[in-house]
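Asks: Quick mapping for you: the protein sequence lines, in order, are chains F and U. Terminal number for the first sequence in our numbering: 444, no gaps in between. Terminal number for the second sequence in our numbering: 444, no gaps in between.
These are computed hints drawn from the structure, not numbers from a lab. The structure presented is a predicted model; accordingly, all values stated were derived computationally and were not measured.
The list that follows gives simulated cross-link-like pairs (lysine to aspartate or glutamate, EDC-like), each with its CA atoms no further than 16 Å apart:
#1 F/Lys106 <-> U/Asp373
#2 U/Lys188 <-> F/Glu181
#3 F/Lys64 <-> F/Asp36
#4 F/Lys2 <-> U/Glu244
#5 F/Lys106 <-> U/Glu399
Computed far set for chain U versus chain F, every beta-carbon distance over 10 Å:
#6 Ser61
#7 Leu74
#8 Ala82
#9 Ser100
#10 His226
#11 Glu243
#12 Gln270
#13 Thr302
#14 Asp306
#15 Gln317
#16 Pro334
#17 Ser366
#18 Arg384
Partner residues are not named here, just some residues of chain U that face chain F (Cβ under 7 Å, in silico):
#19 Arg40
#20 Tyr67
#21 Arg170
#22 Tyr185
#23 Met201
#24 Val205
#25 Phe239
#26 Met393
#27 Met396
#28 Tyr400
#29 Arg433
C-beta atoms are modelled at their ideal positions from N, C-alpha and C, and glycine is treated no differently.
There are 2 protein chains.
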Amino acid sequence: MKRTLNIDTVEHAGEEVLIKGWVRLRRDHGKLIFLDIRDRSGILQVVVNPQVSENAYKLASELKPEYVVKIKGLVKKRPESAVNKDLETGIVELEAQEVSIVSKAKTLPFDMGAQDLNLELPTLLDHRSLSLRHPKQQAIFEVQAALLEGFRKAATEIDCREIVVPTIVRGSTEGGAELLEVGYYTHKAFLSQSPQLYKQMMVGVFERVWTIAKAYRAEPSVTTRHLSETTQLDCEIGFIEFEELLDMLEYVAFAMIGHAEKKCSHIISQFTKEKVLYGKVPRITLQQAQEIIKKEFGRDQTREKDLSPQDEVDVCQWAKKQHKSDFVTVTHFPAIAKPFYTMPDPKNPTLSLSYDLLFRGVEVLSGSQRVHDYEMLLESIKNRELNPDDFRMYLMAFEYGMPPEGGFSFGLERVTMKLLKLANIRQASLFPRDMERIDERLSL
Amino acid sequence: MKRTLNIDTVEHAGEEVLIKGWVRLRRDHGKLIFLDIRDRSGILQVVVNPQVSENAYKLASELKPEYVVKIKGLVKKRPESAVNKDLETGIVELEAQEVSIVSKAKTLPFDMGAQDLNLELPTLLDHRSLSLRHPKQQAIFEVQAALLEGFRKAATEIDCREIVVPTIVRGSTEGGAELLEVGYYTHKAFLSQSPQLYKQMMVGVFERVWTIAKAYRAEPSVTTRHLSETTQLDCEIGFIEFEELLDMLEYVAFAMIGHAEKKCSHIISQFTKEKVLYGKVPRITLQQAQEIIKKEFGRDQTREKDLSPQDEVDVCQWAKKQHKSDFVTVTHFPAIAKPFYTMPDPKNPTLSLSYDLLFRGVEVLSGSQRVHDYEMLLESIKNRELNPDDFRMYLMAFEYGMPPEGGFSFGLERVTMKLLKLANIRQASLFPRDMERIDERLSL
Numbered sequence: 001m002k003r004t005l006n007i008d009t010v011e012h013a014g015e016e017v018l019i020k021g022w023v024r025l026r027r028d029h030g031k032l033i034f035l036d037i038r039d040r041s042g043i044l045q046v047v048v049n050p051q052v053s054e055n056a057y058k059l060a061s062e063l064k065p066e067y068v069v070k071i072k073g074l075v076k077k078r079p080e081s082a083v084n085k086d087l088e089t090g091i092v093e094l095e096a097q098e099v100s101i102v103s104k105a106k107t108l109p110f111d112m113g114a115q116d117l118n119l120e121l122p123t124l125l126d127h128r129s130l131s132l133r134h135p136k137q138q139a140i141f142e143v144q145a146a147l148l149e150g151f152r153k154a155a156t157e158i159d160c161r162e163i164v165v166p167t168i169v170r171g172s173t174e175g176g177a178e179l180l181e182v183g184y185y186t187h188k189a190f191l192s193q194s195p196q197l198y199k200q201m202m203v204g205v206f207e208r209v210w211t212i213a214k215a216y217r218a219e220p221s222v223t224t225r226h227l228s229e230t231t232q233l234d235c236e237i238g239f240i241e242f243e244e245l246l247d248m249l250e251y252v253a254f255a256m257i258g259h260a261e262k263k264c265s266h267i268i269s270q271f272t273k274e275k276v277l278y279g280k281v282p283r284i285t286l287q288q289a290q291e292i293i294k295k296e297f298g299r300d301q302t303r304e305k306d307l308s309p310q311d312e313v314d315v316c317q318w319a320k321k322q323h324k325s326d327f328v329t330v331t332h333f334p335a336i337a338k339p340f341y342t343m344p345d346p347k348n349p350t351l352s353l354s355y356d357l358l359f360r361g362v363e364v365l366s367g368s369q370r371v372h373d374y375e376m377l378l379e380s381i382k383n384r385e386l387n388p389d390d391f392r393m394y395l396m397a398f399e400y401g402m403p404p405e406g407g408f409s410f411g412l413e414r415v416t417m418k419l420l421k422l423a424n425i426r427q428a429s430l431f432p433r434d435m436e437r438i439d440e441r442l443s444l
Numbered sequence: 001m002k003r004t005l006n007i008d009t010v011e012h013a014g015e016e017v018l019i020k021g022w023v024r025l026r027r028d029h030g031k032l033i034f035l036d037i038r039d040r041s042g043i044l045q046v047v048v049n050p051q052v053s054e055n056a057y058k059l060a061s062e063l064k065p066e067y068v069v070k071i072k073g074l075v076k077k078r079p080e081s082a083v084n085k086d087l088e089t090g091i092v093e094l095e096a097q098e099v100s101i102v103s104k105a106k107t108l109p110f111d112m113g114a115q116d117l118n119l120e121l122p123t124l125l126d127h128r129s130l131s132l133r134h135p136k137q138q139a140i141f142e143v144q145a146a147l148l149e150g151f152r153k154a155a156t157e158i159d160c161r162e163i164v165v166p167t168i169v170r171g172s173t174e175g176g177a178e179l180l181e182v183g184y185y186t187h188k189a190f191l192s193q194s195p196q197l198y199k200q201m202m203v204g205v206f207e208r209v210w211t212i213a214k215a216y217r218a219e220p221s222v223t224t225r226h227l228s229e230t231t232q233l234d235c236e237i238g239f240i241e242f243e244e245l246l247d248m249l250e251y252v253a254f255a256m257i258g259h260a261e262k263k264c265s266h267i268i269s270q271f272t273k274e275k276v277l278y279g280k281v282p283r284i285t286l287q288q289a290q291e292i293i294k295k296e297f298g299r300d301q302t303r304e305k306d307l308s309p310q311d312e313v314d315v316c317q318w319a320k321k322q323h324k325s326d327f328v329t330v331t332h333f334p335a336i337a338k339p340f341y342t343m344p345d346p347k348n349p350t351l352s353l354s355y356d357l358l359f360r361g362v363e364v365l366s367g368s369q370r371v372h373d374y375e376m377l378l379e380s381i382k383n384r385e386l387n388p389d390d391f392r393m394y395l396m397a398f399e400y401g402m403p404p405e406g407g408f409s410f411g412l413e414r415v416t417m418k419l420l421k422l423a424n425i426r427q428a429s430l431f432p433r434d435m436e437r438i439d440e441r442l443s444l
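Only chain F is shown next, with the shape it has when bound in the complex:
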């Protein structure tokens, strides 16, 4: 007998079907056993009645959570009063005729049956390959998959070509610290801090490119918004100027998040009832942001070169109130605070044509107009006391003719976190890496 997915049973009322899945829940109600069976399509309620099958009932009474089972039975429409609106299959249930156990499971270390999985973060992560099976943990990564799909769609719509960039590199992208070192045969190499230099080189080839790439940083502290291994969603675009870049990044942000919100509305509403606000995104300079923080929130940050986490929260609160927008684009960070490839503002070269996109209180994207003139780029590398020899192949792309260009990079885990209003970025990564953890906690 061919397997029927749980979700498809609603179209087979009155028919016999075979389902396969995991036992999510067993409830014994007097003479009946109720099972919630989970498969890739969702959850289905199964009723096991000894009067239908004594044998099925006997087997069902042995079932425990996460047992893998096959169940043959009759799909029955539920009476109106018994319809479960929280289940996509809630208009039917399966009356079991045959139950068989495919794989057994050890007794669970915590309750997986409740609607929420109320675990401390370390427990959640220590049992990651189990805890992810909880529907609400699963749900986070369904949303993440939709964000990835939304990004690809949007990047393709703005005519970017997909590229695959390497992660093993010879030196640091941005001249910073926090590099992870790799033993590469008899040499020393590093893990890439971002796909930045490669996507820029590829502008000379495809003019517009996108990539979904890993980025690595040995963050020296544990925060709720940093990981050592992240997933970046990047675009880089040739023949473009600053204002168009802002148009583009806001377009991609709206398209990506909008796609996930639409595709996963039923899931997202389990995490937050607040819909994303897509009001016209306010574009403010860092200086203006700092003035808003001073005026509206009474904190003087005007001497800072960047936004602090609290600044980001405050500016977003202002944007939400004043512009009905969950996003703010902050521009013109000090040139000195930005990497060598960032274009200085021609009107005031102490500032730069850089930008961050804030979303619900956190920076989820950064980018800039780039320096595309070879001589200027060489100068900029030297000014930061970096060695041009370390950037030879990168510089080659600019020696041989590069148009004005710029780009941006989303952090996938951050977007996921803020869309679902999760408290910690680790919840938005299937297997998060940080200073203290590679799957299991590292001994300190």
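Dock chain U against chain F, hints included.
Replies: Chain U in isolation, oriented as in the chain F frame:
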């Protein structure tokens, strides 16, 4: 004036447009200058006539290959006799009225103007950020992008969910050597040899998953078909048995390659006139493959545990001739030669339910039915003298109930290489990593 893409000029005959791009070629023909201008949409011929604009002519005569330019002009239909069928824009040309230089380029180190870029591999790679601009180099990665898209489409069609897996791991996936070591804060970690263990864990969560992930191997020798950093296209599927897995992998292979072949037919035909043969894929065991090699090619390989490169070539030649198929699925490799998670064949446990897919003479995919029973898996790990403690989170997924499952993994660069009949896998990676090279050659 708004920019028009080269490809769109064909719809604007008789109109004035502005184009932007790179000079691919300049030819001086008596009193006229002909330019081939490249942008992300393709190549357009520009004619610069001093009688139309003396100034444009003066500027055009300064142009060199890879200069970035803006050109305003009049789109003119070419007379029938002058149509260039090799160009998508070949029915028109642009008569230049204004030429301006956006960025200059250094004199090229080799000729980029010819239809083929005839460089030795080291030269090609030493100048990667330039050489990739050659239309035929570009083309390879247009095909690669189409393969990626085709894979995602096919994996989604078979109802797999996208997942993002980590690349920094604590130990070796398959217990092999050839690991790249990472300094991880104060600890030692490694780069993942494959997404294998993580995608298997995720079967417990989503039942069917796909991922496009990096895989790293410190290959100790330089061959034409190995890289240190590759891109793997992976599926892992729960509630499935061996024969269905073979159906699935052949489906995904056909769908992915078929998608690229359809989308890029004009490109692929520049590399090879041979269309991919999609005859019913012969499924043979390793033993049968070795018998074919002995009988048809006179080489006795029957004592070997795996196929050698020459074996793969021979078996594919047989499949092409006998089955009109560019593919062969070879199954039942010795259990001992396969990783611990490979299911032994119940009929003969010295063999395994494993498979490789060969395509045009090279293995482009491998996979297997997996051991899904916890006790059996534990035993298998111990039998190979691996430490179960190193697989704790992985084993947890099986302790808590796992259905029969299996999967497969394509090597993106290998598929690209064989589809285009490239001689070396390095040509199928934008920035290939091997023992001797990270962008530039490493000093040995």
